[in-house]
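> Residue numbers (this note's numbering), protein chains in the order written: chain V, 1 to 226; chain P, 1 to 213.
Hint data in this document are derived by calculation from the structure and do not stem from the laboratory.
We put the CB at the ideal spot given by N, CA and C, even for glycine.
Mixed in with the good hints there might be a few duds.
Unchecked claim - Some chain V residues close to chain P (C-beta under 7 Å, calculated; not the full set): (1) 57; (2) 77; (3) 78; (4) 165; (5) 167; (6) 170.
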Amino acid sequence: MRFAAAIDTATLDKVSSAFKPLYPREELLRGVQFQMNLGVTPSAVEQIGYRRSSPDQTHILLLIPPSLLMSQLAPYPGWDQFFTRFCRDWGVWKKSVGYRKIIRIGVRYINRIDIPSSEPVVYEEQFLSVYPQIPEVLGPMTQYAVQAQLPIVDIGCNLTLNSSVVPSPLLGHRSFVIDQDIGKDNPPQNDDGIYQLLKQIRATKNRVFEACITDRARELFEPCLG
Amino acid sequence: MSGVVFHPQMPTVLGPTVPPRLEEAFSAETNEIARLVAGLRNQPSPASLRSEPRLAPDEQPLETRLFDALAAVKILTAQVAMHLDGEWRRKLFGQLDSLHDPEEWEAGDEPVGPSSFATFLKAILSIRPERRPGLGLSHTGNIIAAWTTGRDRLTIEFLPNDRVRWVLALYHDGEEPDRFAGQTPVSRLAEGITPYHSEHWFSHESKGDEFTR
Chain V
1 MRFAAAIDTA TLDKVSSAFK PLYPREELLR GVQFQMNLGV TPSAVEQIGY RRSSPDQTHI
61 LLLIPPSLLM SQLAPYPGWD QFFTRFCRDW GVWKKSVGYR KIIRIGVRYI NRIDIPSSEP
121 VVYEEQFLSV YPQIPEVLGP MTQYAVQAQL PIVDIGCNLT LNSSVVPSPL LGHRSFVIDQ
181 DIGKDNPPQN DDGIYQLLKQ IRATKNRVFE ACITDRAREL FEPCLG
Chain P
1 MSGVVFHPQM PTVLGPTVPP RLEEAFSAET NEIARLVAGL RNQPSPASLR SEPRLAPDEQ
61 PLETRLFDAL AAVKILTAQV AMHLDGEWRR KLFGQLDSLH DPEEWEAGDE PVGPSSFATF
121 LKAILSIRPE RRPGLGLSHT GNIIAAWTTG RDRLTIEFLP NDRVRWVLAL YHDGEEPDRF
181 AGQTPVSRLA EGITPYHSEH WFSHESKGDE FTR
């Protein structure tokens, strides 16, 4: 979630402390920007945010003004648990920060498909329906990455869809990623509207994912489309 | 293999198109091109966002170094969590936490290295041993796994960059053990130890059994 206004340091510290019981691990995030004004010596401005996490690092919360980000790493508990977690954390946030205008709500879903194969050549068309088409004369691909951006009219969102080959963490496998980023600018401001939007995004994500893979890919795993 | 990440447009710390303070120094067209180019990048998951430490590793507090090392390998584990049994993963994290207990940490030792741990995960997911190994750390932060059957022992050190070093000790009654060793890419680990009967080390049935030679 991205908010219209920045959040001051005192409020940021307060909200990070409020999340401590839920995310015991706290790390400071630092980023340095160089402020350049003509005729003035450049100065470094340090932005600070917080990264909070569960001990096993599967639940992650990023407080980076003006954004609030929640992340769930595998193993995935399913939508119901994740949505419950969102509602809980949203409540903690509101209690600490109060109302702030939301200018964007987005959800990103990163799905990796591991395909048993020891060949260096990618046969993406057997598993995915989103991939680059190149002239046959150029021969098979070993790597690729493509991106498409398109509106999702029925829910007023935009989808950024990435499909790529990624290094596999498994021996004897090739791995593809289907990476969806679905977001809405000027989203609803009240809880019911936010929750409704998230459910719509989730349904859209499932539809997009199903459209992006082939039956052969489906055979490889039990999709966790929670 | 599905996951969800609440993700607004990328925060600036992940790498803005043109640093906001510099935008005024470029034309509107340049800024737009930079924005479009940045939009084509496959951005990393925000979950992987970490700050570069301001201090050199040996200048950081011990707790910070140990926490950072543990967090890095737990995030690596998340990449393959869908292939791991939940209980296996939970116990693995318990072993890692125990190995990095600040109160028992030896000064000068290195915490687990992510590259060594990635090699370990590849090996475990390839071999899929029924028996869990005992785990240790080398002085340089490499994961060491050991399987013991009777007095026989297989020890594997997982090196960075997908290499492994292994040592076998096989006992005969009343004799010094025969020792065998090898160093291979992790992709050939299983092949390397096959002559020494993998099931002797990795199968539940072998626990405590004598190795039939």
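> Work down the list of hints and note, for each, if the structure agrees.
Evaluated hints:
1. 57: holds (4 Å)
2. 77: Status violated, d = 10 Å.
3. 78: violated (9 Å)
4. 165: With a closest approach of 11 Å, the residue 165 of chain V hint is violated.
5. 167: violated (10 Å)
6. 170: holds (6 Å)
This entry does not satisfy hints 2, 3, 4, 5, going by the numbered hints stated previously.
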